[in-house]
Amino acid sequence: MKWFNYAAPQSLDQAVALMAANPGARPLAGGTDLLVQMRSGRKETDYVVDVKRVPELNEIAYDPARGLTLGAAVPCYRIYGNASVARAYRSLAEVAALIGGTQIQGRASIGGNLCNAAPSADSVPLLIALGGRCRIVGTAGTREVAVEDFCTAPGRTVLESGELLVSINLPPPAPVSGARYLRFIPRNEMDIAVAGAGVQVVMDNGRFLSARIALAAVAPTPLFVREAGDSLAGRAVSVASLAEAAELARRAARPITDMRGTAEYRRHLCGVLTRRALEAAIEIAREAR
Amino acid sequence: MHDKTRIRTTINGEPQDLLCEPRQSLLECLRDIVGLTGTKEGCNDGNCGACTVIMDDRIVASCLVLGVEAEGATITTIEGIARGSQLHPIQRAFLENAALQCGVCTPGFIVAAKALLDQEPHPSEERIRLYLANNLCRCTGYDKIVRAVQQVAAIEEAPQ
Numbered sequence: 006m007k008w009f010n011y012a013a014p015q016s017l018d019q020a021v022a023l024m025a026a027n028p029g030a031r032p033l034a035g036g037t038d039l040l041v042q043m044r045s046g047r048k049e050t051d052y053v054v055d056v057k058r059v060p061e062l063n064e065i066a067y068d069p070a071r072g073l074t075l076g077a078a079v080p081c082y083r084i085y086g087n088a089s090v091a092r093a094y095r096s097l098a099e100v101a102a103l104i105g106g107t108q109i110q111g112r113a114s115i116g117g118n119l120c121n122a123a124p125s126a127d128s129v130p131l132l133i134a135l136g137g138r139c140r141i142v143g144t145a146g147t148r149e150v151a152v153e154d155f156c157t158a159p160g161r162t163v164l165e166s167g168e169l170l171v172s173i174n175l176p177p178p179a180p181v182s183g184a185r186y187l188r189f190i191p192r193n194e195m196d197i198a199v200a201g202a203g204v205q206v207v208m209d210n211g212r213f214l215s216a217r218i219a220l221a222a223v224a225p226t227p228l229f230v231r232e233a234g235d236s237l238a239g240r241a242v243s244v245a246s247l248a249e250a251a252e253l254a255r256r257a258a259r260p261i262t263d264m265r266g267t268a269e270y271r272r273h274l275c276g277v278l279t280r281r282a283l284e285a286a287i288e289i290a291r292e293a294r
Numbered sequence: 013m014h015d016k017t018r019i020r021t022t023i024n025g026e027p028q029d030l031l032c033e034p035r036q037s038l039l040e041c042l043r044d045i046v047g048l049t050g051t052k053e054g055c056n057d058g059n060c061g062a063c064t065v066i067m068d069d070r071i072v073a074s075c076l077v078l079g080v081e082a083e084g085a086t087i088t089t090i091e092g093i094a095r096g097s098q099l100h101p102i103q104r105a106f107l108e109n110a111a112l113q114c115g116v117c118t119p120g121f122i123v124a125a126k127a128l129l130d131q132e133p134h135p136s137e138e139r140i141r142l143y144l145a146n147n148l149c150r151c152t153g154y155d156k157i158v159r160a161v162q163q164v165a166a167i168e169e170a171p172q
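Sequence order for the protein chains is Y and C.
Read in order, the letters of the first sequence are residues 6 to 294 in my numbering.
Read in order, the letters of the second sequence are residues 13 to 172 in my numbering.
For reference, chain Y alone in the conformation it holds in the complex (with noise of 0.2 Å):
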């Protein structure tokens, strides 16, 4: 790697302060995309920012009247052993749970997830589907951004020179509600989504209320796919509700042909994985019930 130098600041302000004062930059968090990309020569920087001492970056909260403020340095496995997480947010704590093997688990953050902005990202969708919202902090004050607006393209984000994400918060889960992320992989772990589906429903006596619906890997950023998941408001559970939803889903898909699958394949993964993850989703909220 080439040389550069690093911080491991103990305040948001300090972070912030070092994030300013050297364009260019970068926040290190569990480091498994980072250093990955710096060795390789894909980023470059010659100013590493630890933000993993920054109390802000590293909380993981739960209120029920707020919902969950995650700190986007928090590591995966924090995320699955915590109790509030597995009982409100089961679903983050089962995608938590499937991004890497365990060394990775023990170092990568959901928010880091996020940052790295690749399409296959597995928490993103998930994260859209739970309605998060992304709180940026930098020198100008902070500001909020829902999750879907966060990723612009390939490995890049909304965040402007200095700013940094500090914490995803995910807005309490209504009484009635589950959530589910599903990936298609050719292993059974550890691999890259070749399509994924990430969906809440939010159910009322067999129907629907309001659903969200976001995809994994078939387009240049994970993609929010709000008419799949609104044409569901209002409507029964049924096999023909289903499937509407399904096929809006597949048709918003803008999937690529790479090494991992073609661009068919992956538009047909986006209605069957939908489709599965509604009927999880569906399940784990009468379970709820």
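Just so you know, the hints here were simulated from the structure itself, not pulled from any lab data.
Just so we're clear, the structure is a prediction, and the values are computed from it rather than from any experiment.
Heads up, a few of these hints could be off.
[As the list claims (entries may be wrong)] Across the chosen pairs, the derived CB separations fall in these ranges:
no., chain 1, residue 1, chain 2, residue 2, range
1, Y, Gln19, C, Lys16, 47 to 57 Å
2, C, Arg150, Y, Ser89, 51 to 61 Å
3, C, Arg150, Y, Thr157, 33 to 43 Å
[Unchecked claim] Derived lysine to aspartate or glutamate pairs resembling EDC-like cross-links, with alpha carbons at most 16 Å apart:
no., chain 1, residue 1, chain 2, residue 2
4, C, Lys16, C, Glu40
5, Y, Lys48, C, Asp57
6, Y, Lys7, C, Glu33
7, C, Lys16, C, Asp57
8, C, Lys156, C, Glu138
9, C, Lys16, C, Asp29
10, Y, Lys7, C, Glu40
11, Y, Lys7, C, Glu138
12, C, Lys156, C, Asp130
13, Y, Lys7, Y, Glu61
14, C, Lys16, Y, Asp51
15, Y, Lys57, C, Asp68
16, C, Lys16, C, Glu83
17, Y, Lys57, C, Glu83
18, Y, Lys7, Y, Glu49
19, C, Lys156, C, Glu132
Yeah, the Cβ is synthetic: ideal placement off N, Cα and C, and Gly gets one too.
With chain Y's structure known, arrange chain C on it following the hints.
Same frame as chain Y, but now just chain C:
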């Protein structure tokens, strides 16, 4: 000349100060500075698990940790698993089950298996396979490794 950074760690129970460059991985620090060459470099990008060490009770790929990130950390490498000349039960089980051939993956597997059994003394086969999924072995086909860990997991008392 760039300055090096002084890092204070505890490695295998001993306080250890390191003078390292920020760009050096923990793996490079362990091997090239401390001289603990039991930890192996396989892929150097987090896929193979050969460089697995225990850092503050969690296994990590030491190629994906900077040495400077280890400030204040407690680290266990393969050299810290045996007690003097007394092999750890996992090491004995690897020998008894012929769970190694070329040996490059073995330190990572043993360190990871120890971390698992310290947390969960009696994991199922499925749990063992999932926990060790980030450790690759191109020789054994995994069955003998899993059997070795199962043998230790079947012992009533947790290994120390």
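Results for each hint:
The supplied range of 47 to 57 Å is broken by Gln19 of chain Y and Lys16 of chain C, whose beta-carbon atoms lie about 22 Å from each other. A C-beta distance of roughly 41 Å is found between Arg150 of chain C and Ser89 of chain Y, which places it outside the suggested range of 51 to 61 Å. A beta carbon spacing of about 40 Å between Arg150 of chain C and Thr157 of chain Y agrees with the range 33 to 43 Å that was offered as a hint. Taking the CA atoms of Lys16 of chain C and Glu40 of chain C, the gap is near 14 Å; set against the 16 Å cutoff, the hint holds.
As the CA atoms of Lys48 of chain Y and Asp57 of chain C are separated by approximately 14 Å, the hinted pair is consistent with the 16 Å bound. For the proposed pair Lys7 of chain Y and Glu33 of chain C, the alpha carbon gap of about 10 Å is at most 16 Å, so the pair holds. Taking the CA atoms of Lys16 of chain C and Asp57 of chain C, the gap is near 24 Å; set against the 16 Å cutoff, the hint is violated. Between the alpha carbons of Lys156 of chain C and Glu138 of chain C the distance comes to roughly 14 Å, so the proposed pair stays at or under 16 Å and holds.
Under the criterion of a C-alpha separation no larger than 16 Å, the hint pairing Lys16 of chain C with Asp29 of chain C is consistent with the structure, at around 12 Å. At roughly 14 Å between alpha-carbon atoms, Lys7 of chain Y and Glu40 of chain C fall within 16 Å of each other, so this suggested pair holds. Proposed proximity of Lys7 of chain Y and Glu138 of chain C is contradicted: the alpha carbons are some 41 Å apart, above 16 Å. Between Lys156 of chain C and Asp130 of chain C the alpha-carbon distance is near 20 Å, which puts this suggested pair outside the 16 Å criterion.
Distance check on the hinted pair: Lys7 of chain Y and Glu61 of chain Y sit about 30 Å apart at the alpha-carbon level, beyond 16 Å; violated. Restraint check for Lys16 of chain C and Asp51 of chain Y: the C-alpha separation of about 15 Å stays at or below 16 Å, so the hint holds. Note on Lys57 of chain Y and Asp68 of chain C: the hinted pairing holds, with a Cα-Cα distance of about 14 Å set against a maximum of 16 Å. With a C-alpha separation of about 13 Å, the suggested pair Lys16 of chain C and Glu83 of chain C falls inside the 16 Å cut-off, and the hint holds.
The straight-line distance between the Cα atoms of Lys57 of chain Y and Glu83 of chain C is roughly 12 Å, inside the 16 Å bound, and the hint therefore holds. In summary, the hint linking Lys7 of chain Y to Glu49 of chain Y is supported, as the alpha carbons are separated by about 8 Å, within the 16 Å threshold. At roughly 20 Å between alpha-carbon atoms, Lys156 of chain C and Glu132 of chain C are farther apart than 16 Å, so this suggested pair is violated.
Going through the hint list in order, the structure does not satisfy hints 1, 2, 7, 11, 12, 13 and 19.
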